[in-house]
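Given the sequences, and given the hints that come with them, work out the whole structure.
Residue numbers (numbering that gives the first Met the number 0), protein chains in the order written: chain A, 0 to 400; chain B, 0 to 319.
The set of hints was computed from the structure by calculation and includes no laboratory data.
We put the beta carbon where it would ideally sit given N, CA and C, even for glycine.
There's no promise every hint is true.
Taking beta-carbon pairs under 8 Å as the criterion, some of the chain B residues facing chain A (in silico) [stated by the list, open to error]:
no.	residue
1	105
2	233
3	258
4	262
Below, a list of computed lysine to any residue pairs in the SDA-like style, where the Cα atoms sit at most 25 Å apart [what the hints assert, rightly or not]:
no.	chain 1	residue 1	chain 2	residue 2
5	B	102	A	210
6	A	98	B	210
7	A	98	A	58
8	B	102	A	367
9	A	98	A	207
10	B	102	B	155
11	B	102	A	173
12	B	102	A	225
13	A	98	B	151
14	A	98	A	230
15	A	98	B	57
16	B	102	A	87
17	B	134	B	178
18	B	102	A	112
19	B	102	A	116
20	B	102	A	211
21	A	98	B	178
22	B	102	A	226
23	B	102	A	75
24	A	98	A	83
25	B	102	A	98
26	A	98	A	82
27	B	102	A	31
28	B	102	A	177
29	B	102	A	223
30	B	134	B	184
31	A	98	A	75
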Amino acid sequence: MTGADPDLTGLDLDRVITNPGTEIVICCGSGGVGKTTMSAALAVRAAELGRRTVVLTIDPARRLAQSLGITELDNTPQRVNGIDAGNGGSLDAMMLDMKRTFDDVVLAHASGDKAQQILDNPFYEALSTSFSGTQEYMAMEKLGQLHRQAVAEDRWDLIVVDTPPARSALDFLDAPEHLSRLLDGRFLKLLLAPTRGPLRLMSAGFGIVLSTMNRVLGSQVLTDVQTFAAAFEALFGGFRQRADQTLAQLSGEHTTFLVVSTAERESLREASYFVDRLTEERLPLAGMIVNRLHDTTVALSAQRALAMAEELDQESPEAVALTAHARLAATREREQAVLERFINSHRSRDGRGITMRGVPHQDTDVYDLTALARVGRLLSDGLLASEGVPPGDDVGASSQQ
Amino acid sequence: MKRPRHTLHIVSGKGGTGKTTLAAALAYALATEGRRVLLCEVEGRRSLTDLFGVELHGAAEPRLLRTPAGGHVHGLSIDAEDALLEYLRTFYRLGIAGRALDKFGAIDFATSIAPGLRDVLLTGKVYEAVRRQAKGRTDAYDAVVLDAPPTGRIGGFLNVHEAVSGLAKVGPIRDQADSIMRVLRSDDTVVHLTTLLEEMPVTETIEAIEALAPTRITVGTVIANMVTDTPLDEDQLLAAAAERLPLDLPDLTQSERAGLGEEFATTARREQQERTCSQRLASAGLPMVVVPRETLGVDLTTLGSIADTVAAQLPEEINA
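Here it is as structure tokens:
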């Protein structure tokens, strides 16, 4: 490794979450990096620092949900008890119910029969429960609702959002666009064409397309989609418009994105795509949380530790301790090196890199409020936590992907 | 040359448990002398490209490596849209019209919007690769290893019957789903679940076993990855966890010894947790393969040693 270790304390998260101008923090990252825990910990921290906070989680582990008091999927924020409210803050939490959010959107915009017509459509049923992009679309929809409610009722001044456990961090931005492209797209327009105005001649090419689709999918599917899209468009003027509105809301000054990653190649690559995309779309990026970092206080290189262990009886406690240290030291070195590369490859023209905040690997699962509050403090103090974090030696907890 | 016990190996696991690495190691282990093994990924994460340094494009199945035993591992990144076009070519002889469909956005539309179609197409391609052997084709494989979606989605992914229930009750897709399901439920197929010996991954593994039960697909082994696996006995662990096991290392300074002792205590506490988790998993009644933590991270060299570890614990499965 060359040069100094990368700066993992540059991102001042306390400043981000206490800035009255910050109203929405969106935590993004690929699956398995600890995104849900980080958003919950950040929300707890914000509440402790005096902000009236609501955290929108998507798919929390059961015990985390329990400690936040959101075991019921009722799709409305519930007060979390046991938060230090000394600074005037508070914490509400909710878990996204995708189907119910979608139903609510329909019910809010259509009356009686029309709403029922959509809700009963078999394609709507599939779309609202199993389509892969619906979760992202509904997370954005819910975020929009929460923000309007926060403004109208003066109930919250900070919304922290966890994003769905997607393959790629980009899905959160892409899914609504993809959904609208499908449902407002050229293909569907062609499908809908015969029902609109004067009968037009269909191109021979499209005839083949339609009959093939019918053969492959079954004619009922296309009919359902057609009926649904027509009803939906009549109500909302299309998905795209709605998705665009929400995205425009997110692009405002009061929103900021946080990328969560581990120091592993795969999750850093996803983080990298996401950072590039935010830059491209001029969406605000606060910085990056690097989770599950390993550190050691023992100045003994991996090589030397291994060499010493080899001299000993392999079953002796000394050999075990030295091997464990070698793993830790090697992991630390590898992590610092990939982070250094990441920072260098994302330096902007003026030489500034992405600001980062490292979070040490936690040796126990983070479930209860006390643990969340502790991680929240780590987020603000980073690796240099004064209270002394035991060196995590869970070497490569997610390195062997 | 003997045949491996199963032709199709499906590897799933919670994110972060090393699913891709273990799928690759299993393919490596199965590729004994003279065998051809196909390693498939379905979510386009480029994980195989990262690991092997070989680009996977379209329908190509390039060789990823030749094992020291003399077998070959090939790679395939399955894409739902490509699979649909191939499907249309094969079953409808739709060459040009297939491209027209693509131009109209119909392929994207069909694979995204039709519930379950995507999963049927992805598993369908795996099915096609498995079936080559029965058809006596020259591009056949002795085994196919699938790096499948994570445990949270594996039940839905493999339950292709359920998936197409929203589609036509009869017709080619339905028939295709029936054929795939027959292979998945046959003696040729086995599912392996990767886990860490930590509370959450173990819980997810047990949940995945429950989720797979209705599919009637065989779950073969649980592969515990990154296990601490020290030779210490219970008493030594207990003492080490409490920092009461002295380390006789005169070459180190006082502070180095103290730091090492703290790290050692953490290792011991983790191993105690791992042993508890191991007992929980044992109650699921499945054979467990233990893969110790790699000291220096995973690359192609360590992949070989992980493959050896897996092969040594699954001799009947590999059937070399």
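- Checked against the structure, which of the hints given earlier come out wrong? Structure breaks hints 2, 8, 9, 10, 15, 16, 18, 19, 21, 23, 24, 25, 26 and 27.
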